[in-house]
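So the sequence lines, in the order shown, correspond to chains A and B.
The working numbering puts the first residue of the first sequence at 1, with every later residue one more than the last.
The working numbering puts the first residue of the second sequence at 1, with every later residue one more than the last.
Since the hints were made in silico from the structure, they are not lab data.
Built from N, CA and C at the ideal position, the CB exists for glycine as well.
One or more of the hints may lead you astray.
What the hints assert, rightly or not - Stretch-level coverage of chain A by chain B, calculated; a stretch enters the list once three of its residues show a Cβ under 8 Å from a Cβ in chain B: (1) 22-32; (2) 44-55; (3) 58-64.
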Amino acid sequence: MKGLARDEGVATVAALGLVSVLLVAAFVAVVVGQQASARGQLSSAADIAALAAAQSLDDPCQAAAESAAANAVTLAECRVEGLDVVLTVTRPAAPLTVRLLGWLGHTARDLVAVARAGPPD
Amino acid sequence: MRTYVRAVGGRVLPPRSPRYDEGMVIVEAALAIPALVAVAAAMIWALLVATTNLAVGDAARAAARELARGVPAAEALARAEASVPGAHASLEDAADAVAVVVSKQVSAPVPILTGMTVTVSQRIAVPREWL
């Protein structure tokens, strides 16, 4: 038991180690969660913009652009394929993802979502 | 000269005795364990907030799609509330756009602190013609 004679600080060191591992894991989870949330918002916005375009009688791409703007996403591409409208919308990556990738020397790519809508067959 | 220190149990032991500081680990653990529990509780709370965030986002999206199909607003909102227990769904009528908003309060996952809540909400703007 000689090695354990002076064991003051052991519990503190163990706890600090555990807490720091937990905090790193929590930070990564928050970054991933925020990115997942941003992706979900983007694909919802793409859906709604495509539906708005499909229901627009005069100018589908104008309707899509308005809907995209209302949801704070960018309409990158709008194509009319027969009776369908195909949209590509983008938005910047979530703030923490941009920050984290920035620290690591990378640039975060914009999130992209594609949606198609048209009249029922 | 040697110093002797009163250790656990009131016995006098020399400083280099194996039992000199045996009480320290217990005292430290007594401080460290609540801190660990607090960190773990905060993490669980964050996880609950994250999953709720995705759930209310899905509900808002589903409600918006139903509005697009011509489902009455009240019915679409009621279905959104039913799909996420405890959530509140409403229409937000701003100057330029109408939005479906689904929100839910997430309480702290600790018995005595359930009064502490974080409100998670997601909104999707829809064309005014859908209402």
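How the hints compare with the structure:
Look at the stretch 22-32 of chain A against chain B: 6 of its residues bring a Cβ nearer than 8 Å to a Cβ of that chain, three or more, so the hint holds. Counting residues of the stretch 44-55 of chain A whose C-beta sits closer than 8 Å to any C-beta of chain B gives 7, which meets the bar of three, so the coverage hint holds. Proximity of the stretch 58-64 of chain A to chain B, defined as three or more residues with a beta carbon under 8 Å from a beta carbon of that chain, is not established by the 1 residues found.
This entry does not satisfy hint 3, going by the numbered hints stated previously; all others are met.
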